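Chemist: At position 357 of the sequence shown the residue is numbered 357 (UniProt numbering), and the sequence of numbers has no breaks.
Check before you lean on any hint, since a few could be wrong.
Stated by the list, open to error - Dumping the calculated PhoX-like pairs for lysine-lysine here, alpha-carbon to alpha-carbon at most 20 Å:
#: 1; residue 1: Lys212; residue 2: Lys200
#: 2; residue 1: Lys94; residue 2: Lys52
#: 3; residue 1: Lys161; residue 2: Lys200
#: 4; residue 1: Lys200; residue 2: Lys166
#: 5; residue 1: Lys212; residue 2: Lys161
Honestly, the hints are just simulated from the structure, not real lab data.
These numbers were taken from a predicted model, which means no experiment stands behind them.
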Amino acid sequence: MVKGTPASSAANIPSQPSYAVAEAWSAGLCAAYLLMAVGGRWWNRRLLLRWKQAVQERVEGECALVGEDAVDEAQRAADGGAEFGGVASGDGWKEVDANGCELYVTGRRNMLGMLVRFNLRMRHDVFSTLRSWLLESDSDQVRVKVFLPPTMERMVFAVGKQAELKALHTAYQELERYTEEVTAVVDGLHEAYGVLADTKEVASALLGGREKQFLNQYEAYICRIRISDVCEKHLQTEEGQQDDDDGGREDDDPDMPESEPVTDGTAAVGDTAAAAAARPESCTRMFQLIATLPADPQVLRDMLAFCFHMVDRIGALRLSAASRQTVTTLRAQVAETERKRRNEKLAAHARRRAEERRSRLTDEQRRRLELRGLRKRAKASKPPQKFYL
Numbered sequence: 001m002v003k004g005t006p007a008s009s010a011a012n013i014p015s016q017p018s019y020a021v022a023e024a025w026s027a028g029l030c031a032a033y034l035l036m037a038v039g040g041r042w043w044n045r046r047l048l049l050r051w052k053q054a055v056q057e058r059v060e061g062e063c064a065l066v067g068e069d070a071v072d073e074a075q076r077a078a079d080g081g082a083e084f085g086g087v088a089s090g091d092g093w094k095e096v097d098a099n100g101c102e103l104y105v106t107g108r109r110n111m112l113g114m115l116v117r118f119n120l121r122m123r124h125d126v127f128s129t130l131r132s133w134l135l136e137s138d139s140d141q142v143r144v145k146v147f148l149p150p151t152m153e154r155m156v157f158a159v160g161k162q163a164e165l166k167a168l169h170t171a172y173q174e175l176e177r178y179t180e181e182v183t184a185v186v187d188g189l190h191e192a193y194g195v196l197a198d199t200k201e202v203a204s205a206l207l208g209g210r211e212k213q214f215l216n217q218y219e220a221y222i223c224r225i226r227i228s229d230v231c232e233k234h235l236q237t238e239e240g241q242q243d244d245d246d247g248g249r250e251d252d253d254p255d256m257p258e259s260e261p262v263t264d265g266t267a268a269v270g271d272t273a274a275a276a277a278a279r280p281e282s283c284t285r286m287f288q289l290i291a292t293l294p295a296d297p298q299v300l301r302d303m304l305a306f307c308f309h310m311v312d313r314i315g316a317l318r319l320s321a322a323s324r325q326t327v328t329t330l331r332a333q334v335a336e337t338e339r340k341r342r343n344e345k346l347a348a349h350a351r352r353r354a355e356e357r358r359s360r361l362t363d364e365q366r367r368r369l370e371l372r373g374l375r376k377r378a379k380a381s382k383p384p385q386k387f388y389l
């Protein structure tokens, strides 16, 4: 030991920090995340299995072809001249993402096809689960979209919650253009609902006693119902999709050509092979129901039964001559307004292009262009010359 150096002791040695608590927290968080990922996926699959069974039990008794596989096999049988037995391999469900699946059915009167889609919460994600638990915003949803034949009456109609009625009215172009609130016309409907329709007769005809009883009974589950023969692009993206009305507002770019009218192949009632020819994705006539998925599968069966009932009611509905004239006049006015708006945008676009071309000219070229314009205007303002012989 060097003389004058103090002896070292344990008290003089700095203590090392302990990471045991941090390691325990990290291990706990990893275990919780893994447990949530595995348990959430397992729970979603269990719920999907129960809801799939409820849907299949209902649609198999109503539709001739259940599932994309049955539709494809029926089409191949029709192309080969064979007869399709109506049974296909698989359950017909198609997974669209990790949290959703869909089933397409066809072969029933008064409709071209029906698409049933489940959108489930992301129970396998910790942060999404915490957000749903804190904000109570997300919920499992079922979306039913029925493609209707061209024989349906021309109508635009929607039912939604009063708190979301204004947003619903502006969310879809056909609702914004053609409808107004007619809630006061429908008596006996729960006060939480609001009704939008292009004519009062449509609201009165579609919402009878049975329909109002169903809506009042399942008010906690029903989000919206929409019926239209001119379904257009959805203006706002909906959660987890989309489904039904894809995208945003129609393109207002004048450089893009006007879209042509959409036609969809329709099939006669009972013609299974023709009905299976194509899935009418671009059909503009549809009935749509969006609802929160219930815990009881029987409620889901009742919702599907209501959808089939509404399809038959729409198919049998015939409006009066006065209502038809009102609808025709309203749509002519909307078409004229849209034509004027389109022409104004085209004119503004032409002016903007002319200004851009002018800004790229040199001073000499700009002066010559102005002189040319002056000569044209002077020539146009001169009175026509008369010659006497």
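Chemist: Compare the structure with each hint and give your call.
Modeler: Outcome of the hint check:
1. A hinted pair counts as satisfied when its Cα atoms are at most 20 Å apart, and lysine 212 with lysine 200 qualifies at roughly 16 Å.
2. Proposed proximity of lysine 94 and lysine 52 is supported: the alpha carbons are some 11 Å apart, at most 20 Å.
3. Between lysine 161 and lysine 200, the direct Cα distance comes to roughly 19 Å. Compliance with the 20 Å bound is thereby established for this hinted pair.
4. Using a Cα cut-off of 20 Å, the hinted pair lysine 200 and lysine 166 holds, with the two alpha carbons roughly 18 Å apart.
5. Of the pairs offered as hints, the one joining lysine 212 and lysine 161 holds, with about 14 Å between alpha carbons and a cut-off of 20 Å not exceeded.
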